[in-house]
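According to my numbering, the residues represented by the sequence shown are -5 to 392, in order.
Just so you know, these hints were derived from the structure itself, not from any lab. Take these hints with a grain of salt, some might be off.
To be verified - Derived lysine to aspartate or glutamate pairs resembling DMTMM-like cross-links, with alpha carbons at most 20 Å apart: (1) 71 / 378; (2) 321 / 369; (3) 71 / 257; (4) 179 / 378; (5) 287 / 243; (6) 179 / 98; (7) 7 / 353; (8) 71 / 353; (9) 71 / 379; (10) 321 / 380.
What the hints assert, rightly or not - For each label pair, taking beta carbons as the anchor points, the in silico distance ranges come out as: (11) 254 / 10: 38 to 44 Å; (12) 208 / 77: 51 to 57 Å; (13) 315 / 386: 19 to 25 Å; (14) 46 / 139: 28 to 34 Å; (15) 41 / 365: 40 to 46 Å; (16) 186 / 24: 14 to 20 Å.
Glycine included, each C-beta is placed from N, C-alpha and C at the ideal position.
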Amino acid sequence: MAFYQRVGDVPPKRHTQHRTPEGGLYFEELMGEEGFSSDSSLLYHRHIPSAIVDATPWELPDLATVPNHPLKPRHLKTHDLFAEQEWKAGDAVTGRRLLLGNSDVRISYVAAGEASPLYRNGIGDECAYVESGEGVVETVFGELRVGQGDYVILPRATTHRWVPQGDRPLRVYIIEAESHIAPPKRYLSKYGQFLEHAPYCERDLTGPAEPLLADGEDVEVLVKHRGRGGIVGTRYVYPHHPFDVVGWDGCLYPYTFNIANFEPITGRVHQPPPVHQVFEGHNFVVCNFVPRKVDYHPLSIPVPYYHSNVDSDEVMFYCGGNYEARKGSGIGQGSISLHPGGHAHGPQPGAYERSIGVDFFDELAVMVDTFRPLEIGEGGQAAEDDRYAWTWAGRGPR
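Please build the complete structure, drawing on both the sequences and the hints.
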């Protein structure tokens, strides 16, 4: 992360003795990226963090994908994936259903009513967007309260669990990277501070405020990691609860950012998607489209122009408001559109004309652009509206 935080009890100098009130030693753990060459934090544990008493396979949910062939734009209706009895008994880790994926990123969706197991992703960072509901993400760094519109950034190997609250499902759109996920480099100074042109800054980010200490013995943690032939899972058992950190400091930690704090960049004519960017990972970017004033040139057409994704697949998750360019397509709350590289796409018929003279769009969407083709997971196949590809022409194949 871009700036230093200190939480709880840490010693005056790193890598020195840090003693308990009884005179014993706390155990220092360095959690760092790119070996010892990038951001890191030091965590101080009551128990040895590497101690395990059992390790068995964890059978992951179905992560198989099929190619987008024949090449088509697609519409996925995520709210069709979880009936009430399913979300009430489901959790935000084991209940995820894979929508789209490639070797750089996997996109899943879940509706959950139960607390998840303890979990960590040993492959890459996770960026979760809370569509609706509320809850707490408990982590080894402390807890994060989450609600509608929150992005939750979880660095690789952060042990955590999701705990929904209230009587509504916690609906979460999850982007799992094979890399780290961070603010775009062009928003940051060479020392990591947000620059004046950035659409958000450090004040908009919320990290854990205090340690989260828990007791327990023989505690299970599910770990997703690399293995022969792809992604595999292991079920560890720890002799002591991993939430035993009395303090930590550094520049690597989980945090939240609410989409309402993103300040949109607008212009006299239509602005391209990079002005809406919020995060980036290896071979993909995350953007968001928020309520905003739109183009004010006297001859402007506020909806997007038709465009061909020459180098990328575009995924839009529609999570609020009224998305003007998609009227008549079947897109609604919770919809996902996939517009693949090699296919020209843009507004639905009639949207061009209807947008002239409009000065404000009340819309909310999260976009992921990938630079390798996306394939379709079992959740994507189950949620597909197979009429979408023909909505620009008004009729299907002969």
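Status of each hint after checking the structure:
no.: 1; hint: 71 / 378; in the structure: holds, 6 Å
no.: 2; hint: 321 / 369; in the structure: violated, 26 Å
no.: 3; hint: 71 / 257; in the structure: violated, 28 Å
no.: 4; hint: 179 / 378; in the structure: violated, 35 Å
no.: 5; hint: 287 / 243; in the structure: violated, 40 Å
no.: 6; hint: 179 / 98; in the structure: holds, 19 Å
no.: 7; hint: 7 / 353; in the structure: violated, 55 Å
no.: 8; hint: 71 / 353; in the structure: violated, 29 Å
no.: 9; hint: 71 / 379; in the structure: holds, 7 Å
no.: 10; hint: 321 / 380; in the structure: holds, 17 Å
no.: 11; hint: 254 / 10: 38 to 44 Å; in the structure: holds, 42 Å
no.: 12; hint: 208 / 77: 51 to 57 Å; in the structure: violated, 33 Å
no.: 13; hint: 315 / 386: 19 to 25 Å; in the structure: holds, 22 Å
no.: 14; hint: 46 / 139: 28 to 34 Å; in the structure: holds, 30 Å
no.: 15; hint: 41 / 365: 40 to 46 Å; in the structure: holds, 42 Å
no.: 16; hint: 186 / 24: 14 to 20 Å; in the structure: holds, 19 Å
The structure fails to meet hints 2, 3, 4, 5, 7, 8 and 12 from the earlier list, while all remaining hints are met.
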